[in-house]
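I would like the entire structure built from these sequences, with the hints used as guidance.
Here's the letter readout for the chains.
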Amino acid sequence: MGAIDFKAKYTDAALGYVWSVVKPLAYFGVLWLVFAHLLRTANQTEDFTLFLLIGILLFLFFIDSVSTMLPSIVEGGATLRRLAFDPILIPLSASVAVGITFLANISAFVVFAVIQRIEPRVEWVFVVPLLGELYLFTIALGLLLSALYVRFRDVGQVWELVAQLLFFACAIFYPVGILPSWAQKVAFLNPFVQVMQDIRHVLLGGASGPYDVSAGNVYAGYGGRLVPIVIVALIVLAAFVFFRREGRYFAERL
Amino acid sequence: MATAIEVAGVSKTFQIPHEQRTFLREYFLHPFRRVTYERNQALKDVSFSVEEGEFFGVIGPNGSGKSTLLRILAGIYVPDRGAVRVRGLLSPFIELGVGFNPELNARDNIRINGTLAGLTKRQLERKFEEVLAFSELERFVDQKLKNYSSGMLVRLAYSLAIQIPFDVLLLDEVLAVGDEAFQEKCFATFDRFKEEGKTVVFVSHALGLVGRFCDRVLLLHEGAVRALGSPHEVTDLYRERILVA
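The listed protein sequences correspond, in order, to chains A and B.
Numbered by numbering that gives the first Met the number 0, the letters in the first sequence go through residues 0 to 253 in order.
Numbered by numbering that gives the first Met the number 0, the letters in the second sequence go through residues 0 to 244 in order.
Please note that the accuracy of each hint is not assured.
Computed far set for chain B versus chain A, every beta-carbon distance over 10 Å [said to hold, decoys possible]:
hint: 1; residue: 8
hint: 2; residue: 10
hint: 3; residue: 37
hint: 4; residue: 38
hint: 5; residue: 60
hint: 6; residue: 61
hint: 7; residue: 86
hint: 8; residue: 91
hint: 9; residue: 99
hint: 10; residue: 128
hint: 11; residue: 138
hint: 12; residue: 178
hint: 13; residue: 180
hint: 14; residue: 206
hint: 15; residue: 220
Heads up, simulated DMTMM-like pairs for lysine to aspartate or glutamate below, C-alpha to C-alpha not over 25 Å straight-line [said to hold, decoys possible]:
hint: 16; chain 1: B; residue 1: 126; chain 2: B; residue 2: 141
hint: 17; chain 1: B; residue 1: 43; chain 2: A; residue 2: 245
hint: 18; chain 1: B; residue 1: 193; chain 2: B; residue 2: 221
hint: 19; chain 1: B; residue 1: 143; chain 2: A; residue 2: 74
hint: 20; chain 1: B; residue 1: 193; chain 2: B; residue 2: 179
hint: 21; chain 1: B; residue 1: 120; chain 2: B; residue 2: 137
hint: 22; chain 1: B; residue 1: 43; chain 2: A; residue 2: 251
hint: 23; chain 1: B; residue 1: 145; chain 2: A; residue 2: 74
hint: 24; chain 1: B; residue 1: 126; chain 2: A; residue 2: 85
hint: 25; chain 1: A; residue 1: 22; chain 2: B; residue 2: 94
hint: 26; chain 1: B; residue 1: 120; chain 2: A; residue 2: 85
hint: 27; chain 1: A; residue 1: 184; chain 2: A; residue 2: 211
hint: 28; chain 1: B; residue 1: 193; chain 2: B; residue 2: 94
hint: 29; chain 1: B; residue 1: 143; chain 2: B; residue 2: 166
hint: 30; chain 1: B; residue 1: 184; chain 2: B; residue 2: 124
hint: 31; chain 1: B; residue 1: 145; chain 2: B; residue 2: 172
hint: 32; chain 1: B; residue 1: 184; chain 2: B; residue 2: 221
hint: 33; chain 1: B; residue 1: 184; chain 2: B; residue 2: 214
hint: 34; chain 1: B; residue 1: 126; chain 2: B; residue 2: 178
hint: 35; chain 1: B; residue 1: 193; chain 2: B; residue 2: 137
hint: 36; chain 1: B; residue 1: 43; chain 2: B; residue 2: 102
Keep in mind the hints are simulated off the structure, nothing from the lab.
These numbers were taken from a predicted model, which means no experiment stands behind them.
Where a beta carbon is used, it is the ideal one built from N, C-alpha and C, also for glycine.
Following this line, the structure appears as structure tokens:
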């Protein structure tokens, strides 16, 4: 189903699937030009190109997944009103298309890593559980919002705004370490920032510069990384409970 | 004979808000205004059972609760009170069929709906040609459904519904838009279902068809069971008491 959704998205486009890779790269190109060359903030991190690319790829995966899942139940209502099946399949299959795009985009990272002569290291395997955490967080948020959207259509507008704000708040194009310490505490409440920082640290090592901080540093003494991880767990729990409760009535509310 | 469908004391009420509040703004603007609901009791304490292999008709005027009943049987709606038990695999055909995605072609729509209905990948491959052959839409298989006519859609939907392995088939107004040739083809499948001992719940306004195919008929009026018996008696009662009044 997810594969068919992916196909449907690009079937009328001349370049087809190519867009799924071009979009994040174009995004990346613009930001890179602005920050690395025009504003010269790049010198705060040693390897700004890969630093930025990792941030953008993860951010687009996160935002695009939630944004596609959010309206999926309302849009898939026709099927829900005619067939009895677990409604969770609709947002999950919507997220698969974004997942495929993300996997394709990893190849972009590989290309840049080769150009920048980054040597693969054993620690890189930590990326897998980190991506797993991000995936859980993303899916849970998507499920929660898609179920809420059935009741309140404003969720769509609010999410659009939040997504814009998150782009600036998530330390995509600047190192989170330049923020004042209270702002870092706030930023790391977002599990996305924790995952992104940890992935940057794992992939780039010390090369990510003097401002390389993680949830472990910021919440040292309060549980470190556990703070965002507990938040992920709570959101996952809330999402499944809420989705199960609401899901029984989707068909009659659509 | 065993019971295929058991419906015991099922009630269902829909709350229809007088002003729809799908936007949070409305809660902020008028936080103290109570939303007044109109309660529409679609089904009132409905009980009946359908035997295995029975061709069971459901008739009643518009808004009498037929479609709600079918959706509850299909597990799409949850009843407020009462219980429904269906034995065996169920294939629903409701509101001109399954939920098709108009942006996709027939091929992908068959795959998606087949999967949702529980077909495995291998079953799907095997059934794919049969669905297409029955619908006689081979020429249009790669066309997007938004360019299909309603007659073509109903052909595709019915072909799909009967190719999914089932013991119980729910049919809601199947033949409303199909052409005569296709209707005859459907009648032939009805006869086949009867021979094979499949259970069919048939909702229709076409009293002639109800009389021709059904073993027993249930008459719904304003959400309650008015009569249950032989097609002849029940359709006569329906014509005299309800259609005339």
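Tested hints:
Interface exclusion of residue 8/B from chain A stands, the closest Cβ pair being 19 Å apart, more than 10 Å. At roughly 14 Å, the least C-beta separation between residue 10/B and chain A is larger than 10 Å, which holds for a residue marked as non-interface. Once the 10 Å rule is applied to beta carbons, residue 37/B is consistent with being away from chain A; the minimum gap is 15 Å. Every Cβ of chain A is farther than 10 Å from the Cβ of residue 38/B; the closest lies at roughly 14 Å, confirming the non-interface assignment.
At roughly 21 Å from the closest C-beta of chain A, the C-beta of residue 60/B stays outside 10 Å, upholding its exclusion from the interface. Here residue 61/B stays apart from chain A, with its beta-carbon at least about 18 Å from theirs, past the 10 Å limit. For residue 86/B, the non-interface assignment is confirmed: its Cβ lies about 16 Å from the closest Cβ of chain A, beyond the 10 Å cut-off. Some Cβ of chain A comes within 10 Å of the Cβ of residue 91/B; the nearest lies about 6 Å off, and the non-interface call is violated.
Distance check on residue 99/B: its Cβ comes as close as 7 Å (rounded) to a Cβ of chain A, failing to clear the 10 Å threshold; non-interface status is violated. Annotated as non-interface, residue 128/B keeps its C-beta farther than 10 Å from every C-beta of chain A; the closest such distance is 19 Å. The claim that residue 138/B lies off the interface holds: its Cβ sits roughly 20 Å from the closest Cβ of chain A, which is beyond the 10 Å cut-off. Every Cβ of chain A is farther than 10 Å from the Cβ of residue 178/B; the closest lies at roughly 22 Å, confirming the non-interface assignment.
Distance check on residue 180/B: its Cβ is at least 25 Å (rounded) from any Cβ of chain A, clearing the 10 Å threshold; non-interface status holds. At roughly 25 Å, the least C-beta separation between residue 206/B and chain A is larger than 10 Å, which holds for a residue marked as non-interface. Every CB of chain A lies more than 10 Å from the CB of residue 220/B, the least distance being 22 Å, so the non-interface label holds. At most 25 Å may separate the alpha-carbon atoms for a hinted pair to count; residue 126/B and residue 141/B meet this at roughly 17 Å.
With a C-alpha separation of about 24 Å, the suggested pair residue 43/B and residue 245/A falls inside the 25 Å cut-off, and the hint holds. Restraint check for residue 193/B and residue 221/B: the C-alpha separation of about 30 Å exceeds 25 Å, so the hint is violated. Annotation: proposed proximity of residue 143/B to residue 74/A holds, straight-line Cα distance about 17 Å (limit 25 Å). Annotation: proposed proximity of residue 193/B to residue 179/B holds, straight-line Cα distance about 21 Å (limit 25 Å).
This hinted pair checks out: residue 120/B and residue 137/B have alpha carbons roughly 21 Å apart, not beyond 25 Å. Distance restraint check for residue 43/B and residue 251/A: the Cα-Cα separation of roughly 17 Å lies within the 25 Å cut-off, and the hinted pair is therefore satisfied. Of the pairs offered as hints, the one joining residue 145/B and residue 74/A holds, with about 15 Å between alpha carbons and a cut-off of 25 Å not exceeded. Proximity of residue 126/B to residue 85/A is assessed by CA-CA distance (about 23 Å); at most 25 Å being required, the pair is judged to hold.
For the given pair, residue 22/A sits about 40 Å from residue 94/B by alpha-carbon distance, which is inconsistent with the 25 Å threshold. Our distance criterion of 25 Å between C-alpha atoms is met by residue 120/B and residue 85/A, whose separation comes to about 18 Å. The hinted pair formed by residue 184/A and residue 211/A meets the criterion: a straight-line CA distance of about 14 Å does not exceed 25 Å. Taking the CA atoms of residue 193/B and residue 94/B, the gap is near 23 Å; set against the 25 Å cutoff, the hint holds.
Only pairs whose Cα atoms come within 25 Å are accepted, and residue 143/B paired with residue 166/B is rejected, the gap being roughly 31 Å. Distance check on the hinted pair: residue 184/B and residue 124/B sit about 23 Å apart at the alpha-carbon level, within 25 Å; holds. A hinted pair counts as satisfied when its Cα atoms are at most 25 Å apart, and residue 145/B with residue 172/B qualifies at roughly 21 Å. For a cut-off of 25 Å, the pair hint linking residue 184/B to residue 221/B is broken: about 33 Å separates their Cα positions.
Distance restraint check for residue 184/B and residue 214/B: the Cα-Cα separation of roughly 20 Å lies within the 25 Å cut-off, and the hinted pair is therefore satisfied. Between residue 126/B and residue 178/B, the direct Cα distance comes to roughly 24 Å. Compliance with the 25 Å bound is thereby established for this hinted pair. Between the alpha carbons of residue 193/B and residue 137/B the distance comes to roughly 28 Å, so the proposed pair goes past 25 Å and is violated. The suggested pairing of residue 43/B with residue 102/B is violated, with an alpha-carbon distance near 39 Å, which exceeds 25 Å.
Going down the numbered hints, you'll see the structure goes against 8, 9, 18, 25, 29, 32, 35, 36, while the others check out.
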